[in-house]
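**Q** Add 169 to the 1-based position in the sequence shown for my numbering, that's all there is to it.
Check the hints yourself; a few may be wrong.
Claimed, not checked - In silico lysine to aspartate or glutamate, EDC-like type, Cα no more than 20 Å apart, as pairs:
1) K188 with D259
2) K266 with D226
3) K301 with E369
4) K474 with D434
5) K289 with E203
6) K476 with E444
7) K185 with D294
8) K419 with E451
9) K305 with D281
10) K214 with D226
11) K454 with E472
12) K437 with D479
13) K212 with E184
14) K251 with E203
15) K454 with E444
16) K319 with D294
17) K230 with D220
18) K225 with E184
19) K227 with E253
20) K230 with E217
21) K224 with D192
22) K230 with D192
23) K406 with E451
24) K476 with E433
25) K266 with D294
26) K389 with E367
27) K468 with E445
Claimed, not checked - Cβ-Cβ distance ranges computed for the label pairs, FRET-style:
28) K224 with G461: 48 to 56 Å
29) Q171 with E459: 41 to 49 Å
30) E444 with D198: 54 to 62 Å
Hints in this document: simulated from the structure, not taken from any laboratory. Yeah, the Cβ is synthetic: ideal placement off N, Cα and C, and Gly gets one too.
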Amino acid sequence: MQGLISIIVPVYNSEKTLKRCFDSLINQDYENIEIILIDDGSKDKSGEICDLYAKKDKRIKVFHQDNQGESSARNCGLKLAKGEWITFADNDDFVDKNYISSFLSMEELRKDTIYITGEKEGFTDKDLKPQKNIYKSGNMDTTMLRLLNKNASIWGKLFNKENIEQMKLRFDTNIFYGGDKIFTMQYITCINRVVYNEKEYPYNYVNYFNPKKFMRSFNKELTNYRANISGSEIYWKEKCEVSWFIAHFKLVLYSIFSQNTKREDRLKQIQYLVEEEQYSKEIIKAIIAEKGKTKIFFKWLLEGKYKRVDSVFSFVIPIIINIF
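The task is simple: from the sequences and hints, build the whole structure.
**A** Quick look at the structure:
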C-alpha cells in the first residue's frame, strides 16, 4: 500500500456545501488518507457538521479555531498533517472518487516532482467542464513556470510534506487573495519536474463568484497586491514577469470603483496606483498588448487620462458587480 496522504480542508460558514464535499472525500477509492478539517470560527452549523463527520469516519480530524482567515486555517492543517504527501480541497468544491488515485496512477511518487491532476470548472455543479491543456508534464523551465503561475491553485496538486517542512513553507496570513498561488510558486523552487495527469479530471471547482463579497477596499487590495509581488520576488527575483501580477493590479484598480468614494478621492487613488506603485506602468503595457476590447481604457491610464477612466469605470464596474 502507498503511504498516508493528507487532505486539508479549511472550513468557514459553508454548511450548504459541506456534505457534498465531505462525502466525496471519504468515498475515495484510495483509502489510506487522513482528512483534516479546520473550522475557522464558523458562525453557522459548519463546525457541528465537521464534528458529526469525524464521528462517522476515524480518518477525519477536526480542529476549531477563532476566525483568522483561510491562510491561517491551512497553516493549522499543515501542522497537524501526518501524511507523506499533502493535497488540499476547498469546502465548497467536491472531488470524484479517483481524486487521490489519479495522482498515484502516474508513476511512483518522487520528492523532486509536483503532481497535478485534472479539474472541471463551472459556476454551478450542473455546468462543470474539463479544463484541458492548462498544464503539461516536463522539467521545470520558463514555459512551465508561466503555466504554473497562471494556474497555481493548491487544489488538484500533490505536495511532498518533507519538502514543505524543509523549506519551512507556510501560507502568508497577510494575503487574503492569491495566497495559494504564492505557496505553489514558492514550493516549486525545490522541485525539478512536473507530472500532469491529462486524462482524468476528478477535482470539481465550483466558482461561486460574488464580487460584492469578494472585493475589498482600495487600501486592503493594495496591501494584498504588494504582498503578492513581494512573495513572488523572494523566490523568483530573476524570473518574475509583470504578467504574473495583472490580475492583482486589476483588482486594486476595480476596488476603487466598488466603494462609495468621492470622485476627488477616486482620482487620487487612480493616479497613485498608476504613477507610484511598483510595476504599474509595465503591467498596463502588458494588458494593452493582450487582445481585448478593454485595452482602450488602459491606454487612457497610461496617458494620464484619469478623469475619462473614472467616468467610464464608475459606471461600468458597479454594474458588473451587481450583475454577479
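**Q** What hint numbers does the structure not satisfy?
**A** 5, 16, 26
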